[in-house]
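Trainee: Below, each chain spelled out in residue letters.
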Amino acid sequence: MTVPVHLRQDETFVLNLGPQHPATHGVLRVKLTMDGEYVVKAEPVLGYIHRMHEKMAEEGTFVQFFPNTARMDYLHALAFNHGWALVVEKAAGIEVPERAEYIRVITVELNRIASHLLWWAAFLLDLGGFTPLLYAFDDREKIIDLLERITGSRLTYSYMRFGGVYNDIDDEFIAGTRDFIKRLRGRMPRLYHDLVTHNIILIKRIKDIGLVSAEQCRRYGATGPVARGSGINYDIRKNEPYSVYPEFDFEVPVFNEGDSMARYMVRMHEMEQSMRIIEQALDKLPGGPVMGKAPKVLKPEAGYYYSAVETARGSLGHRLVCDGGKNPYKLKLRSPTFCNLSLFGEVAEGMLLADALAFMGSLDLVIPEIDR
Amino acid sequence: MSGYLSEIVTGGKSLITGLAITAREFFRPVVTEQYPWEVPTMTPLFRGHIELIANEETGEPNCVVCGMCQRACPSACISLDGKKNESGKGKVLTRYILDFTKCSLCGLCVESCNFNALRFSKDYNLASFDKNDFIMDMLKRLEEQNRCKH
Amino acid sequence: METSMWRALLYLVGIMAFAGVNAAWLGWCERKGAARIQRRIGPCEAGFAGLMQPLADGLKLMSKQLLVPQGVDGIIFRVAPVLAMIPAITSMAVIPFSENIGARAMELSVLLLFALASIGMIAILLGGWASGNKYAIISAARGVSQNLAYEIPMLLTVITVVLISGSMNLREIALTQQGGFWHWNIFRLENGHFLTMWISFIIFFICSVAETNRAPFDMAEAESELVAGFMTEYGSMGFGLFMMGEYLNIVVGACLTATLFLGGWDCPFGLTPGVWWFLIKIYILIFTFIWIRWTYPRTQIYRLLNLSWKILIPFSLANLLVTAALIKVF
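Going down the list, the sequences are from chains A, B and C. Following the numbering used here, the numbering of the first sequence begins with 1061 at its first residue and continues without gaps. Following the numbering used here, the numbering of the second sequence begins with 4 at its first residue and continues without gaps. Following the numbering used here, the numbering of the third sequence begins with 85 at its first residue and continues without gaps.
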């Protein structure tokens, strides 16, 4: 779909996909300059939910930042917990026992499946299919019940600590997780793929929409399923491994087309790969303590530390500056969704409004993570 | 031309499959837990707001007013006071207020207590019209719990 | 037929009652149907199985403030919802519910129904334009182009039925299909028409889903993109009237499908024809409308128009030619 390039001022109008809109997930404002139904210019305006998390990190001690980590990207909160734990353990030189590492991987992957299920549900809701939301939430409820058994919370987990995790897992959790994986594998082909993925209406709606080339991804720094849908084979878990990921045998799905269908398929395959990782981790789970030795008052050596983890949306980086005191001197978070969203301004030009919204849905945006 | 027709055929088949799946789901039982009549039980590790643990025999709180929970809280929710213990050493708790409107259920207070004085309660259906209902007096709660036990 | 005033009054009250009950309780059917497909319960608190829910909703809508924003075109803004209801109720005057129940059996009733459907389309356009809201204008423009595109294949398929039955009078069309399901127009075993009639039925059904702005063709009220489309600025009873008009359009579409293709008031085995078979057929069709809505996502506007202009119109033209040829040959 092409659009005439030279338009006069009075031939276009400005539509505010306002901060309150059913399709922008969170408070995102997009100023669209439109010519009829075509988008001529798209400008995302951020900052409606800026809550100064990075400043709050400077005000409290290291361990007091854990509740904040969950509230930034509430859909994959355990990965944010994990990222913060990793960077401070690197700074202070704290060792984590093996059982704790395995528990961390199991819970992070369960949370990744939950995040992708919610993305699938919300994406289809934007496109007008209301029923898959309920089917996906049925499965997500099982995951959340499992995680509630061991962490005590349902959405904003403050479960990890420096040196391990807060609570140990019990046999019921392990049995429940195995049941859940069997159940989801049974439901996937029918309720997820037959009903939605192979549906001709959906295919026509997202195939060849929102083409993002690999070069555009590199320019904007897009990572995660957005980059893997455009052919860039980069996953922090494989390329810069952390924790016990090298011990698991899993694949990283990469599709080359770069359209919304490719990003959709990347996430569906990622759910299957996460299930593989969880099964292997449950089989290999060692015994032992779940909390290593960590000093009560943490005072890491002064310096600059960086570490990255792979969340459901891309590569999350923590850049920590310590000055030897018990508070961090400065923390900067590299948010994956911020870079993914910046693709929107360039790619949405010339698209129809409904196509632009389908493209935004396929980017999997969580606005509180952008604004922090 | 053949692509046109084959697309119509496969498209039509996918639509019919979709209808069959929703028809089948129509006849399966409802998964809703109908809340006021079917109440969920909370798991042992569920994090409700914190509460004081009482000594088994005396019914007094285990708290020695060290102030570690107050210092550990990132949101400054806890405020406590104690007075000197006349018969013995240490301090006795006179006031323990939790401002639940700011609590983020992180668990740093429970973790930091060395005297087994705090635990998570299992209260989940808290709703009120007044903000002051959530500035909770823990000593009063402990008294009511002791009264209900006997 | 006598034209006594009592008969006219009785039919007037009867049709208004039928329309009112359907418009209100179809909302209940839709919510319960959607809920069961999604494995939830739906309305269950207001009355037994939630049957009083439409009354509660009506009461709520009537008690809200009828907001007329500043800057709208005053008269058109207020007229548009009423205009959405009028064609739907008026169409019921010509529908034959049974051999002896039918308000007016006109010679050109098929033509009347399509003329009234176009008035419904104008109501959407007026509502969207008069709101003065950019979302509403986009949705009204989409709605008009969609309705226009789908009227054409609809008319072409109805012409095939008229050719076979030989009249445009709905009652006559239904009378030629009496005697068991093998006489119904969808099957039509004589003269080789069974080859083409089921295609007509499918095309007509798809067009009626599109004409009534139901998912997967609900571009005009696309909930997740355009907030509420042309109904964004309407509160209280304005919104209520648009919703009721939409449900009544569905009822009229189902009645038309049942009369043209499924034999009207005929029993499948020809035993006890009567109005109850007519009602069973339209409610099965309405359930199918609901079933389709909650299964598929929405199409894109150009795919929608492609479906009409590039697929449905060629097929319906070919269908018409084959039917006419078969009539000539046999």
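In case anyone wonders, no lab produced these hints; they're calculated from the structure. Glycine included, each C-beta is placed from N, C-alpha and C at the ideal position. Accuracy of the hints is not assured; some may be wrong.
[What the hints assert, rightly or not] Part of the chain A face toward chain C, derived, beta carbon under 8 Å:
{"#": "1", "residue": "Phe1073"}
{"#": "2", "residue": "Gly1188"}
{"#": "3", "residue": "Ile1261"}
{"#": "4", "residue": "Leu1262"}
{"#": "5", "residue": "Met1411"}
{"#": "6", "residue": "Asp1415"}
Trainee: Compare the structure with each hint and give your call.
Mentor: Now for the hints, and whether the structure bears them out:
1. Phe1073: holds (6 Å)
2. Gly1188: holds (3 Å)
3. Ile1261: Ile1261/A check passes; min Cβ-Cβ to chain C is 5 Å, inside 8 Å.
4. Leu1262: With Cβ-Cβ at 5 Å, under 8 Å, it holds.
5. Met1411: Not OK, violated: Met1411/A not within 8 Å of chain C, min 11 Å.
6. Asp1415: Holds - the Cβ of Asp1415/A comes within 8 Å of chain C, reaching about 7 Å at its closest.
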